[in-house]
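Trainee: Each protein sequence line maps, in turn, to chains A and B. In terms of the working numbering, the first sequence opens at residue 259 and continues consecutively. In terms of the working numbering, the second sequence opens at residue 259 and continues consecutively.
Calculated directly from the structure, the hints in this document are not laboratory data. Take these hints with a grain of salt, some might be off.
One copy or two, it doesn't matter: identical chains are merged, so the pair holds either way.
[What the hints assert, rightly or not] Here are the computed lysine-lysine pairs in the DSSO-like style, where the Cα-Cα straight-line distance is at most 30 Å: (1) Lys430 x Lys470; (2) Lys414 x Lys364; (3) Lys335 x Lys299; (4) Lys470 x Lys335; (5) Lys414 x Lys299; (6) Lys335 x Lys469; (7) Lys384 x Lys414.
Protein chains: 2
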Amino acid sequence: MEKNNGVSSAVIRRLPRYYRYLGELEAHGINRISSKELAEKMNLTASQIRQDLNCFGGFGQQGYGYNVESLRSEICKILGLDNNFNAVLVGVGNLGHAFAQHIDFKGAGFNLIAAFDSNPELIGKKVGSIEIIDFNKIEDFCNENCVDVAVLCVPKEAANPVAETFIRCGVKSFWNFTYADISLGHPEIIVENVHLGDGLMTLCYRINAAKK
Amino acid sequence: MEKNNGVSSAVIRRLPRYYRYLGELEAHGINRISSKELAEKMNLTASQIRQDLNCFGGFGQQGYGYNVESLRSEICKILGLDNNFNAVLVGVGNLGHAFAQHIDFKGAGFNLIAAFDSNPELIGKKVGSIEIIDFNKIEDFCNENCVDVAVLCVPKEAANPVAETFIRCGVKSFWNFTYADISLGHPEIIVENVHLGDGLMTLCYRINAAKK
Numbered sequence: 259m260e261k262n263n264g265v266s267s268a269v270i271r272r273l274p275r276y277y278r279y280l281g282e283l284e285a286h287g288i289n290r291i292s293s294k295e296l297a298e299k300m301n302l303t304a305s306q307i308r309q310d311l312n313c314f315g316g317f318g319q320q321g322y323g324y325n326v327e328s329l330r331s332e333i334c335k336i337l338g339l340d341n342n343f344n345a346v347l348v349g350v351g352n353l354g355h356a357f358a359q360h361i362d363f364k365g366a367g368f369n370l371i372a373a374f375d376s377n378p379e380l381i382g383k384k385v386g387s388i389e390i391i392d393f394n395k396i397e398d399f400c401n402e403n404c405v406d407v408a409v410l411c412v413p414k415e416a417a418n419p420v421a422e423t424f425i426r427c428g429v430k431s432f433w434n435f436t437y438a439d440i441s442l443g444h445p446e447i448i449v450e451n452v453h454l455g456d457g458l459m460t461l462c463y464r465i466n467a468a469k470k
Numbered sequence: 259m260e261k262n263n264g265v266s267s268a269v270i271r272r273l274p275r276y277y278r279y280l281g282e283l284e285a286h287g288i289n290r291i292s293s294k295e296l297a298e299k300m301n302l303t304a305s306q307i308r309q310d311l312n313c314f315g316g317f318g319q320q321g322y323g324y325n326v327e328s329l330r331s332e333i334c335k336i337l338g339l340d341n342n343f344n345a346v347l348v349g350v351g352n353l354g355h356a357f358a359q360h361i362d363f364k365g366a367g368f369n370l371i372a373a374f375d376s377n378p379e380l381i382g383k384k385v386g387s388i389e390i391i392d393f394n395k396i397e398d399f400c401n402e403n404c405v406d407v408a409v410l411c412v413p414k415e416a417a418n419p420v421a422e423t424f425i426r427c428g429v430k431s432f433w434n435f436t437y438a439d440i441s442l443g444h445p446e447i448i449v450e451n452v453h454l455g456d457g458l459m460t461l462c463y464r465i466n467a468a469k470k
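Use the sequences and the hints to build the structure in full.
Mentor: Next comes the structure, spelled out in structure tokens:
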């Protein structure tokens, strides 16, 4: 399996869940939790949790469990959420518009600093507090600003050309909702592909299994 | 880990990916693929693929590999995509509107048969080919139609009341985008929670790791 700094991608994908659950515990004033209690809350095994967290250092204390605030803070650093990375959105149709408003970019480590579209009816308007900029100005923008990630919410056929534009400007990471494979020919880029339909198919399986 | 019919949820979550990749191969006229080739395409190991597929039966042939069309068809049946389940959407703001248009419900095993909202400016309008119905008519609709899944795109504070309404009508499965925990007090329901921010946090980790 893919490894990042020697940590399997399966573990990395669980980290955001830990971060979210610990955030909820903290918000409810809970200071301390055992791996067993956390496991019940998260539908994992206590041993899985301890194994995962041991990849990054010994955070718990035997007999005590984990301090919620410290553990959350450690995971925040592991995830790199305190780096103030910059993200831009490309494609401000329903999907892009929804994500700009629905997703907590800041909480996930990113400042959403610009949005681009080619539709003249959208250019100059705002999505949230961000002004929609002409898509043709992407290269100028990237030259004047530090852009770490491009969030792609454009039609599938536009995905590759748009990605190429960003890659030319030195932007090497993408959050890709387009269903296009933008990494072909670009093994150096980091892409997080989102296939929402996968969760729906999993749900279909579970519903079907329950009916038997 | 959670088990469904003796199959781990990790395997179940990989099935939609297999289904998608096999669909792409089929669309490109490729009839046959080895586990090694499929592994390279999917960034898994050949042995993982064989183990996963062996959970459901022996589909490959040693020396031949897998027949793309048959394997895809088998996975379609395993996922239960041919059951014509019915889904309804609740909440037709930007997010709900985007999902109704962006997500291939049919390809994931569902007919999207209705959309509900409480906003009088939306009621009676259409999202795609579906008319937006008054939210207060959910119970009538569920009594007259077979509804398998409710897709929740309502504000967080509305999630639990909306879920309760559906549970009262006998709808026990949810695709939940609201961040609310709707399964509290309802261990019998099937919920697929979507936390889009998790993928963004994973991306943050990967970008940070690459900079080191």
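Trainee: Between Lys335 and Lys299, at a C-alpha cutoff of 30 Å, which is it: within one copy, between copies, both, or neither?
Mentor: Result: close within a single copy only, 23 Å intra versus 32 Å inter.
Trainee: With identical chains treated as interchangeable, where does the CA-CA distance between Lys430 and Lys470 reach 30 Å or less: within a copy, between copies, both, or neither?
Mentor: Classified as between: cross-chain Cα gap 15 Å, same-chain 46 Å, threshold 30 Å.
Trainee: Have a look at Lys335 and Lys469 and pick one of within, between, both or neither, based on CA distance no larger than 30 Å.
Mentor: between (44 Å within a copy, 14 Å between copies)
Trainee: With 30 Å as the alpha-carbon cut-off, assign the pair Lys414 and Lys364 to within, between, both or neither.
Mentor: Both: 27 Å inside a chain and 19 Å across chains, each within 30 Å.
Trainee: Reference check for the pair Lys470 and Lys335, CA-CA at most 30 Å: within, between, both, or neither?
Mentor: Classified as between: cross-chain Cα gap 14 Å, same-chain 45 Å, threshold 30 Å.
Trainee: Have a look at Lys414 and Lys299 and pick one of within, between, both or neither, based on CA distance no larger than 30 Å.
Mentor: Between. Shortest inter-copy distance 20 Å satisfies the 30 Å Cα cut-off; intra-copy 38 Å does not.
Trainee: When no copy is named, should Lys384 and Lys414 be tagged within, between, both, or neither for a Cα gap of at most 30 Å?
Mentor: both (24 Å within a copy, 24 Å between copies)
Checked against the numbered hints above, the structure breaks none of them.
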